[in-house]
Amino acid sequence: MPELPEVETTRRGLEPHCRGRHVVGVVVRQGRLRWPVPDDLDALLCGQAITCVERRAKYLLFRLQAGTLLVHLGMSGSLRVVEQVAPVLTHDHIDLQLDSGQALRYHDPRRFGSVHWIATGAAHPLLRGLGPEPLSTAFDGQRMHQLARGRRTPIKNFIMDAKVVVGIGNIYANEALFLAGIRPDRAAGRVALARYQRLAEKIKQVLTNAIDQGGTTLRDFVGGDGKPGYFAQQLYVYGREGAPCKHCQRPLHACRLGQRSSVYCVTCQR
DNA sequence: CGCTGACCCTGACGGC
DNA sequence: TGCCGTCAGGGTCAGC
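Position one of the first sequence corresponds to residue 59 (our numbering), numbered consecutively onward.
Mixed in with the good hints, there may be bad ones.
[What the hints assert, rightly or not] Subject to a maximum C-alpha distance of 20 Å in a straight line, what follows is the list of computed EDC-like cross-link-like pairs (lysine to aspartate or glutamate):
{"hint": "1", "residue 1": "Lys260", "residue 2": "Asp243"}
{"hint": "2", "residue 1": "Lys260", "residue 2": "Asp270"}
{"hint": "3", "residue 1": "Lys221", "residue 2": "Glu191"}
{"hint": "4", "residue 1": "Lys221", "residue 2": "Asp270"}
{"hint": "5", "residue 1": "Lys262", "residue 2": "Glu191"}
{"hint": "6", "residue 1": "Lys221", "residue 2": "Asp198"}
{"hint": "7", "residue 1": "Lys260", "residue 2": "Asp219"}
{"hint": "8", "residue 1": "Lys260", "residue 2": "Glu191"}
{"hint": "9", "residue 1": "Lys262", "residue 2": "Asp198"}
{"hint": "10", "residue 1": "Lys262", "residue 2": "Asp219"}
{"hint": "11", "residue 1": "Lys260", "residue 2": "Asp198"}
None of these hints come from the bench; they were simulated from the model.
From just these sequences and the hints, can you work out the full model?
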């Protein structure tokens with residue numbers, strides 16, 4: 059479910075309900091996620107106020123007085139604000155009960171997500187070594203071109219590498235490469251600077267558009283409609299194998315790169 | 001260091 | 001109807 063735009067949309071939706079609220083209880087129904095949920099989560103969080111909700115890559119960071127609760131949604135995770143008395147569904151693994159009578163409810167069928175505690179002043183290995191945010195000025199074509207020197211890995215794998223840039227998932231890797239006119243299987247080290255500059259622009263453009271759409275269509279997701287809004291947006295290649303290219307009408311090709319489906323136009327992408 | 005493939009887990013879907 | 005294989009938006013890790 060969550061690519062960067064949905065994580066950012068989730069952050070924006072959650073923050074008004076969390077900011078300044080105290081955690082008054084924690085319920086862990088299933089603690090076996092990608093990594094085990096800290097077994098003393100209740101003791102770590104209770105009585106503290108959430109000061110703000112931030113995002114880094116696809117991680118949500120709930121800032122509390124004594125530290126940070128780090129949450130990743132994996133492939134199928136979601137976080138909603140619900141009334142504490144709302145019925146508990148299958149795969150509703152964790153509740154953070156707030157002093158508003160509401161709860162932050164973590165739902166994750168595949169359990170590829172994770173929850174971590176970072177004490178104030180401590181570092182966390184999962185956050186160390188992350189590349190720049192794609193929407194920041196630290197990310198640009200020059201940086202990619204520089205890092206790609208000598209690399210023979212496909213450019214699609216390269217832009218999905220969190221050391222290069224964070225937050226580019228499979229959907230938007232495919233879409234950005236189409237918009238930039240670059241084949242996903244081209245060796246990263248064999249793409250010129252000007253094309254990397256165009257790719258950086260397209261990555262920023264496609265993510266920005268998706269966040270804008272998510273912000274619109276996910277307006278009420280906090281109440282229970284968790285439909286990812288960005289599915290409504292026009293996708294050029296992702297999920298369109300065999301369908302006509304929206305630029306040249308020829309059928310789109312598919313291949314697998316790094317065990318992930320990749321769709322592209324052999325004519326428009328070189 | 002760079003790259004590939006296995007793996008964590010549940011659910012949806014298509015073919016038989 | 002049921003069973004089986006395949007695939008799914010993510011990320012880490014072992015091994016070569």
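Verification of the hints:
| no. | hint | in the structure |
| --- | --- | --- |
| 1 | Lys260 <-> Asp243 | holds, 18 Å |
| 2 | Lys260 <-> Asp270 | holds, 15 Å |
| 3 | Lys221 <-> Glu191 | holds, 10 Å |
| 4 | Lys221 <-> Asp270 | violated, 26 Å |
| 5 | Lys262 <-> Glu191 | holds, 10 Å |
| 6 | Lys221 <-> Asp198 | holds, 14 Å |
| 7 | Lys260 <-> Asp219 | holds, 17 Å |
| 8 | Lys260 <-> Glu191 | holds, 14 Å |
| 9 | Lys262 <-> Asp198 | holds, 9 Å |
| 10 | Lys262 <-> Asp219 | holds, 16 Å |
| 11 | Lys260 <-> Asp198 | holds, 11 Å |
In this structure, the one hint that does not hold is number 4.
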